[in-house]
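Q: Protein chains in written order, with this note's numbering: chain A, 8 to 365; chain B, 2 to 430; chain C, -1 to 294.
I should point out that these hints are in silico values taken from the structure, not numbers from a laboratory. On a predicted model such as this, the values are computed, not experimentally measured, just so you know. All C-beta atoms in this analysis are idealised placements derived from N, C-alpha and C, irrespective of residue type, glycine included. Mixed in with the good hints, there may be bad ones.
Computed spacing ranges between beta-carbons, pair by pair [what the hints assert, rightly or not]: (1) C:F155 x B:G403: 37 to 43 Å; (2) B:P258 x C:S137: 49 to 55 Å; (3) B:I279 x A:V47: 57 to 63 Å; (4) A:I42 x B:T391: 49 to 55 Å; (5) C:S137 x B:A228: 30 to 36 Å; (6) B:P426 x C:V172: 37 to 43 Å; (7) B:T391 x C:S0: 47 to 53 Å.
Keeping only pairs whose Cα atoms sit at most 30 Å apart, straight-line, the calculated DSSO-like set for lysine-lysine is [stated by the list, open to error]: (8) B:K369 x A:K172; (9) A:K172 x B:K144; (10) A:K233 x C:K286; (11) B:K280 x C:K286; (12) B:K275 x C:K121; (13) C:K121 x B:K309; (14) A:K172 x B:K230; (15) C:K193 x A:K130; (16) C:K121 x B:K76; (17) C:K85 x A:K340; (18) A:K172 x B:K101; (19) B:K230 x B:K101; (20) B:K196 x B:K176.
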Amino acid sequence: MNKTNKEILKKFREGEEKFLLGKIAIIFFAIIFLIIPLFVRDPYFLHIFVLVFFFAYLGTAWSLVSMAGQLSLGHAALLGIGGYTSTLMFMEWGITPWLGMIFGAAFSGLVGLIIGYPTFRLKGPYFALTTIAFAEILRIYVENTEIGPFNIPLRAAMGLLVPLKGHAPSVFQFANKEAYYYIIFAMMCGAIFLSYTINRRRMGFYLAAIRSDQDGAEALGINSTKYKLIAMIISCILTAIGGTFYAQYFRYINPERAMGLGMSIEIALVGVIGGWQTVLGPTIGSLLLSPSGELIRAYLGGTYAGLHLFIYGLLLMIVILFLPNGLNDPIIKALKRLNNCLRRYPAKKELDIIKSKS
Amino acid sequence: MKRFKNAFKILSLSFLLIFACWEVVWATEVLIGQVLPLSGGAAPQGTQIKTGAEIAVEEINAEGGIKSLGGAKIKLIFGDSKSTPDGGAAETERLCTREKVSLILGAFQSGVTFPATEVAERYKTPWIVNVAVKDEITERGFKYVFRDFNKASYDILEMIKAVELFAKETGKKPKTFALMYEGTDWGRSSAQFVKKFYPEKGYKMVLEESYAPGIADFTPQILKIKAAKPDMLIVALYTPEHVLFSKQQMEQKLYLPYGLWSVGAGSEDPTFYKAVPIKAVEFMFVQDDWDVNAPQRPWFPSLDQKTKAKLGYGLNSYVACGYGTMYLVKDVLERAASTDRDKIRDAIAATDITPQTCGRIERKVDGKTYCPALVRGITRIKFDEQGQNTFSHGMITQNQKGVKIPFWPVEARPAGAKLVWPIPPWDKR
Amino acid sequence: MSAELLLSASVMGLLLGGLYASVAIGLSLIFGIIRVINFAHGGFLMMAMYASFWLWYFFQINPYLSIIVVVPLFFFFGYIVQNTLIKPMFVRERALVVEPLGVLLLMAGFDLVLANLALLFFKSDYRAIVSPIASATISLEFIELNVPRFIVLVLSFIITGGLTWLMNYTEIGVAIRAVGQNREAAALCGINVYKIYNITFGLGTAAVALAGAAMVPFYYVNPSMGLPLGVKSFIVVVLGGLGSIPGALLGGLILGIIESITAQFVTSTSAVIFSFLLFIIVLFVRPKGLMGIIEA
Chain A
8 MNKTNKEILK
18 KFREGEEKFL
28 LGKIAIIFFA
38 IIFLIIPLFV
48 RDPYFLHIFV
58 LVFFFAYLGT
68 AWSLVSMAGQ
78 LSLGHAALLG
88 IGGYTSTLMF
98 MEWGITPWLG
108 MIFGAAFSGL
118 VGLIIGYPTF
128 RLKGPYFALT
138 TIAFAEILRI
148 YVENTEIGPF
158 NIPLRAAMGL
168 LVPLKGHAPS
178 VFQFANKEAY
188 YYIIFAMMCG
198 AIFLSYTINR
208 RRMGFYLAAI
218 RSDQDGAEAL
228 GINSTKYKLI
238 AMIISCILTA
248 IGGTFYAQYF
258 RYINPERAMG
268 LGMSIEIALV
278 GVIGGWQTVL
288 GPTIGSLLLS
298 PSGELIRAYL
308 GGTYAGLHLF
318 IYGLLLMIVI
328 LFLPNGLNDP
338 IIKALKRLNN
348 CLRRYPAKKE
358 LDIIKSKS
Chain B
2 MKRFKNAFKI
12 LSLSFLLIFA
22 CWEVVWATEV
32 LIGQVLPLSG
42 GAAPQGTQIK
52 TGAEIAVEEI
62 NAEGGIKSLG
72 GAKIKLIFGD
82 SKSTPDGGAA
92 ETERLCTREK
102 VSLILGAFQS
112 GVTFPATEVA
122 ERYKTPWIVN
132 VAVKDEITER
142 GFKYVFRDFN
152 KASYDILEMI
162 KAVELFAKET
172 GKKPKTFALM
182 YEGTDWGRSS
192 AQFVKKFYPE
202 KGYKMVLEES
212 YAPGIADFTP
222 QILKIKAAKP
232 DMLIVALYTP
242 EHVLFSKQQM
252 EQKLYLPYGL
262 WSVGAGSEDP
272 TFYKAVPIKA
282 VEFMFVQDDW
292 DVNAPQRPWF
302 PSLDQKTKAK
312 LGYGLNSYVA
322 CGYGTMYLVK
332 DVLERAASTD
342 RDKIRDAIAA
352 TDITPQTCGR
362 IERKVDGKTY
372 CPALVRGITR
382 IKFDEQGQNT
392 FSHGMITQNQ
402 KGVKIPFWPV
412 EARPAGAKLV
422 WPIPPWDKR
Chain C
-1 MSAELLLSAS
9 VMGLLLGGLY
19 ASVAIGLSLI
29 FGIIRVINFA
39 HGGFLMMAMY
49 ASFWLWYFFQ
59 INPYLSIIVV
69 VPLFFFFGYI
79 VQNTLIKPMF
89 VRERALVVEP
99 LGVLLLMAGF
109 DLVLANLALL
119 FFKSDYRAIV
129 SPIASATISL
139 EFIELNVPRF
149 IVLVLSFIIT
159 GGLTWLMNYT
169 EIGVAIRAVG
179 QNREAAALCG
189 INVYKIYNIT
199 FGLGTAAVAL
209 AGAAMVPFYY
219 VNPSMGLPLG
229 VKSFIVVVLG
239 GLGSIPGALL
249 GGLILGIIES
259 ITAQFVTSTS
269 AVIFSFLLFI
279 IVLFVRPKGL
289 MGIIEA
């Protein structure tokens, strides 16, 4: 059985058009992003890029659950779990957030497993509503609890202020923006690579089958629960790590912002507008939404409060109505067409060979 | 000889050019940032503070700007915190790094000011807190953060001093109290001190109730309070909840023999009083953060008029705070004679403004001089090593027939004012 | 806790439940017939309340009187929204796989648009009407009943009764029920399914507009108030049973009473957790809800 699968996969990959232009584009962007901090010194400019990469990272992590066919609107809870765990461990016991991050991720993965198992059998919209309910329960609990279990102070709605240590890389604090820039860039690349790898391997195909027709997939012998849960746990782990980054970058984390419905929707927005079940979709979404949202809020937010959210909502509606697979679709299609145009000459040669043979 | 002449011409021309540029650079602008809630739940108060600051800046710029900087004008740059902590922190970051302001003011809400001031400290940008009471804001050993306002502990201590004063004057003393507060930073800060100071003076807490913003109905809480039968009820509410609560406690005829004590915020907002019937706030005690006797002061009419022109309603504590702090800034800038952040920081630390030492910022209106930085009703601005103005204080007022009458400190009490203590039941009003 | 306190809390709970029910009934109708998760339900409520408020602010029209204008206005608003925004999703459905999440996201986007349009135009100040009717109370032995809240409770029964009558005794109501039961069969019977959908959505929106106008006397208006109540409506609809209008009424009342009583034991904010927990438990244990017709 395994050997046959491997053969099928191999043929599939061979059959894939050589999408050279796509690879060039990715390498091009990667290089640009890597060298930007060498030329751009303005911290605010770098901050915008950090936001882009951050939401691209979160969106990609979130999209793993979407690839299993479920819409999650409660991912902020996982962000909060990650951020709170690492920060509390640092504040109470002096454990460096690099280590606390692992605990946060593990805890978040456990939560994902426990919640995912019973909820996955709910159909689409009900799953979405349930994720909202779980996230709200967590948020409200933390918002109202000053002293939590094991006498750990949760500080309720006041949130946690990460102790200022100046430039202290060992505890995940840096005095300059560049360090954070590269860290989140690396995280984003890691997440994209992970998503890409999953999609190219067996699990990716199983997920594709599950999300288009779960009953059909199960009839073929695919254990849908198992793969959905794996996707969920990976997604939770990644999001929690993102939570630690959030806490260390903004140096402040509170329930309303980090665990709230607003944050969950922002993560989902980036994913949906970019392409919620695709590998690069969330990154594209973030490239579009994060800078524009931030700039609109910063420069017009005083007089036109809420303008950036209004535009987000409008974009979401337009995408759903006209581009259900997000912006990812038209962009990739355009690139592929360009790619094929450029490949025309070699292909023509092959065509001539075929013609001459016939 | 000719070469010498040419060289001399070029040299003198360049000197002139440099001097001209210097003058231009010298007499341009001082950038002052303000982080305020201009949207979200605290938007009314944020807009009021903004208005006060704008009125002050218009006056300052019209009257010659900052003289020690060659008449440089103040330019205000506002950042909307959206009533959220990370909105405030993000705007602070932008003001420090992108807009390169020399000084920041704000941010009204304790929950926003606390993290935002840390951002400013990181960027070594001085921050004067106007209107945020969380004590820890000036207790972190920061060098760049100052506060010309009460701490939450001051607010609560003033309330207790008032209760003690009333008890001494009338011989009637309450024994128990209930506490209800919004579960965010400000509410919890105030609650923390209530729970600390009141029992120290012998008052017993019979109920503690927190709630989250956005609540639709206070009847469950009112029922609980009725069941606990406290002598006094202490509340910390922002405007929307205060409106709702005041209306509902009137409907439900919640009886508190020694009164409803409001720590401020909602009860200091003119829009609150527009939205509730007079009966609902009758005999309510408010810890007001400004001089309630202000309408009698000489500068009141012109300032009140300017406020009305911008907001549609008259001067209140937050407009006054926004206005006063801006004149404090003028005093600081005059002494610093620089837009350099560290020099400004040192100038703030050296501040000592009293009605007698107000020369740099004194104004004349209707023939009478006054000190604009002290319009809040305090008599001195001087910061201690932690950056706190220890001379800051407020007033305790009681609402009688829709008018707030100050009863503490005793010096502020108008002649012929009669304290209603204890409060008569609803059917006897 | 004394019996008197329990009784008071229950009565308060009924009033609160009436509010929840009035808002949720429209959602139940829309969901039951069109099977659409209307994420923008809270947004419609908020807009209706603003409409009623501005009529009071500029023309001094009593909110109860404003119902005459606001309700038909929002019927048309809902009709148009269904026709222009949601219908294309159904038409597309014929060609592609059914995408129930698509409509959810579409309406979520629409809710963002509505809430922020309100923020842009009306600003974020909390608005409330000032009027003697707002604080009028009926005195019962142990508790004061706020009249406007009581009216909303009564209204929830009236809306339920009215819609039930409509569904059972009018031609259009029977057509709506038919479409809800089996779309294809109804189409075969000659019913214009899309038109019925439009009418149903309009009715649901009109119902929530009615609730909103009746809430203006005692509830403050603000652009961000739509989402929390919208989410509550989902809890009510699931609790009561998807697709059942009497179920929504029952669900709303029960939710109100539970929240009110638990608020006596824990802080009111924690009581909200119970609502969400209830929601989750119902979805797992009895997806049909109390009186549900459709299963989750």
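Q: Would you mind marking each hint as holding or not holding in the structure?
A: Results for each hint:
1. C:F155 x B:G403: 37 to 43 Å: holds (39 Å)
2. B:P258 x C:S137: 49 to 55 Å: violated (21 Å)
3. B:I279 x A:V47: 57 to 63 Å: This hint holds: roughly 59 Å between Cβ atoms.
4. A:I42 x B:T391: 49 to 55 Å: Since the Cβ atoms of I42 of chain A and T391 of chain B sit about 52 Å apart, the hinted range of 49 to 55 Å holds.
5. C:S137 x B:A228: 30 to 36 Å: violated (19 Å)
6. B:P426 x C:V172: 37 to 43 Å: Given range 37 to 43 Å: violated, Cβ gap about 58 Å.
7. B:T391 x C:S0: 47 to 53 Å: With a Cβ separation near 48 Å, T391 of chain B and S0 of chain C satisfy 47 to 53 Å, so the hint holds.
8. B:K369 x A:K172: violated (51 Å)
9. A:K172 x B:K144: holds (15 Å)
10. A:K233 x C:K286: holds (27 Å)
11. B:K280 x C:K286: violated (48 Å)
12. B:K275 x C:K121: holds (18 Å)
13. C:K121 x B:K309: holds (19 Å)
14. A:K172 x B:K230: Violated, because 48 Å separates the two Cα atoms, which is more than 30 Å.
15. C:K193 x A:K130: holds (27 Å)
16. C:K121 x B:K76: Satisfied, since the Cα-Cα distance of roughly 25 Å is no more than 30 Å.
17. C:K85 x A:K340: The given pair, whose Cα atoms are some 27 Å apart, holds under the 30 Å limit.
18. A:K172 x B:K101: holds (24 Å)
19. B:K230 x B:K101: Roughly 55 Å between the alpha carbons, so the hint for K230 of chain B and K101 of chain B is violated.
20. B:K196 x B:K176: OK: K196 of chain B and K176 of chain B at ~14 Å, within 30 Å.
Checked against the numbered hints given earlier, this structure breaks hints 2, 5, 6, 8, 11, 14 and 19; the rest are met.
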